[in-house]
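K.L.:
Here is what each chain is made of, one letter per residue.
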Amino acid sequence: MAAALTALAPAYSPFFGCMGAASAIIFSSLGAAYGTAKSGVGISAMAIMKPDLIMKSIIPVVMAGILAIYGLVVAALIAQGLDEAPTYDLYDGFCDFAAGLSVGFCGVAAGFAIGVVGDAGVRGTAQQPKLFVGMVLILIFGEVLGLYGLIIALILNTAH
Amino acid sequence: MGVYDSGRGGKGSYAIGCYAAYVITLLVFIAIGLFYMFSGRGSEFDVGWVLESISSYTWACIGIAIAISFSVLGAAWGMFITGASIVGAGVKAPRIKTKNLVSVIFCEAVAIYGIIIAIILVQNIDDTTPEDWLDNYNTYIFNGYCLFFAGLLTGMCNLACGICVGIVGSGAALADAQNGELFVRILVIEIFGSAIGLFGVIIAVLLGNNRKISSS
Numbered sequence: 000m001a002a003a004l005t006a007l008a009p010a011y012s013p014f015f016g017c018m019g020a021a022s023a024i025i026f027s028s029l030g031a032a033y034g035t036a037k038s039g040v041g042i043s044a045m046a047i048m049k050p051d052l053i054m055k056s057i058i059p060v061v062m063a064g065i066l067a068i069y070g071l072v073v074a075a076l077i078a079q080g081l082d083e084a085p086t087y088d089l090y091d092g093f094c095d096f097a098a099g100l101s102v103g104f105c106g107v108a109a110g111f112a113i114g115v116v117g118d119a120g121v122r123g124t125a126q127q128p129k130l131f132v133g134m135v136l137i138l139i140f141g142e143v144l145g146l147y148g149l150i151i152a153l154i155l156n157t158a159h
Numbered sequence: 000m001g002v003y004d005s006g007r008g009g010k011g012s013y014a015i016g017c018y019a020a021y022v023i024t025l026l027v028f029i030a031i032g033l034f035y036m037f038s039g040r041g042s043e044f045d046v047g048w049v050l051e052s053i054s055s056y057t058w059a060c061i062g063i064a065i066a067i068s069f070s071v072l073g074a075a076w077g078m079f080i081t082g083a084s085i086v087g088a089g090v091k092a093p094r095i096k097t098k099n100l101v102s103v104i105f106c107e108a109v110a111i112y113g114i115i116i117a118i119i120l121v122q123n124i125d126d127t128t129p130e131d132w133l134d135n136y137n138t139y140i141f142n143g144y145c146l147f148f149a150g151l152l153t154g155m156c157n158l159a160c161g162i163c164v165g166i167v168g169s170g171a172a173l174a175d176a177q178n179g180e181l182f183v184r185i186l187v188i189e190i191f192g193s194a195i196g197l198f199g200v201i202i203a204v205l206l207g208n209n210r211k212i213s214s215s
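Just so you know, the sequences run in chain order H and Z.
Position 55, counted from 1, in the first sequence is what numbering that gives the first Met the number 0 calls 54; the numbers after and before it change by one each time, with no gaps.
Position 153, counted from 1, in the second sequence is what numbering that gives the first Met the number 0 calls 152; the numbers after and before it change by one each time, with no gaps.
Just so you know, these hints were derived from the structure itself, not from any lab.
Please note: incorrect hints may appear among the correct ones.
To be verified - Not everything, but these chain H residues come out facing chain Z in the computed CB check (under 8 Å):
id: 1; residue: A10
id: 2; residue: A20
id: 3; residue: M54
id: 4; residue: L76
id: 5; residue: G80
id: 6; residue: E83
Where is the CB? At the ideal position from N, CA and C, for every residue including glycine.
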């Protein structure tokens, strides 16, 4: 016979945990993809005039990729902690759901910021080399937004 | 604008139509819930019952379908974005056509990720007996959810990855047409882009591996 289910640990509890794991990786991938594509277009455009600046301009692409890694870490942690119903109750499920959403949506937001700033920044740096430091500073602030989501996701995931 | 004016009443009408559709759907659900609540049958509006009643096979199979279909959609979308640029830029610089097939192959890899995950997930489904369902009810329900979300996340990550690789490949083709040395350096960005689909595959395998809904 299956283990006894209670009102606080119904059979559908793992649904929310799984949804959290999925949201974490899906939304942070969306943000990373947007950041990579938007910066990539800027880099391709400015590479024609200044080919030697390409390697320095990979920075926005790398920072967008790091957002996907934040999502990967949280999704892996949630997936490792999943289990079937009475062992994994609704509390666990909703904590993991919230963790996934927080890193996911923060990743989308940060990815959009990094993409737009990266695109404008690499085009500006090609014309005015002194802008490079400014672009990196703005990108770091954007990256930190994704980090905030990761912090809250880790707090939530370790809360159960 | 004269000849090309659609006459539908402005640029925002499509956006307003979408927004109205979302709001009306949301209001219908809220209204149904309120009807249940005010007639004293609030406990019958049961999301958990819906989640449990939908067969685990439904969850699993729809997950597998989403895995393969959205991955292929992402791959195709990326291919046409980059392909149009390759062919367009190749009019004046036909030398780019062979080297830039690498971008198309990166998009193809996204579809391969989808098919790999779909095949891995399909191995988990088989026939079950009613006695088995009684014994393993919690496990089968859990496995159904895992297979659904493993498939869903593969499809969505590969969709994003495919479009990203396509856009960057398009930029690479246009830059390559101007200056032949640029392609290899912009290819680095495409590699970062295709890593996104790979992350989706990793989590899908973690989530969906060995989640069996079968009696044997």
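K.L.:
The hint names A10 (chain H) as touching chain Z; please verify it with the least Cβ-Cβ distance against 8 Å.
P.N.:
holds, 5 Å
K.L.:
So, as I understand it, the hint says A20 (chain H) touches chain Z; can you test that by seeing if any CB pair is closer than 8 Å?
P.N.:
holds, 6 Å
K.L.:
At a threshold of 8 Å, is the proposed contact between L76 (chain H) and chain Z supported by beta-carbon distances?
P.N.:
violated, 10 Å
K.L.:
Tell me if E83 (chain H) is really an interface residue toward chain Z, meaning its C-beta lies closer than 8 Å to one of theirs.
P.N.:
At 4 Å from the nearest chain Z Cβ, E83 (chain H) passes the 8 Å test, so the hint holds.
K.L.:
Close enough to count: is the Cβ of M54 (chain H) nearer than 8 Å to one in chain Z?
P.N.:
holds, 7 Å
K.L.:
Have a go at the G80 (chain H) hint: is there a Cβ in chain Z nearer than 8 Å to its own Cβ?
P.N.:
With a minimum Cβ separation of about 11 Å from chain Z (threshold 8 Å), the hint on G80 (chain H) is violated.
Checked against the numbered hints listed earlier, the structure breaks hints 4, 5; every other hint is satisfied.
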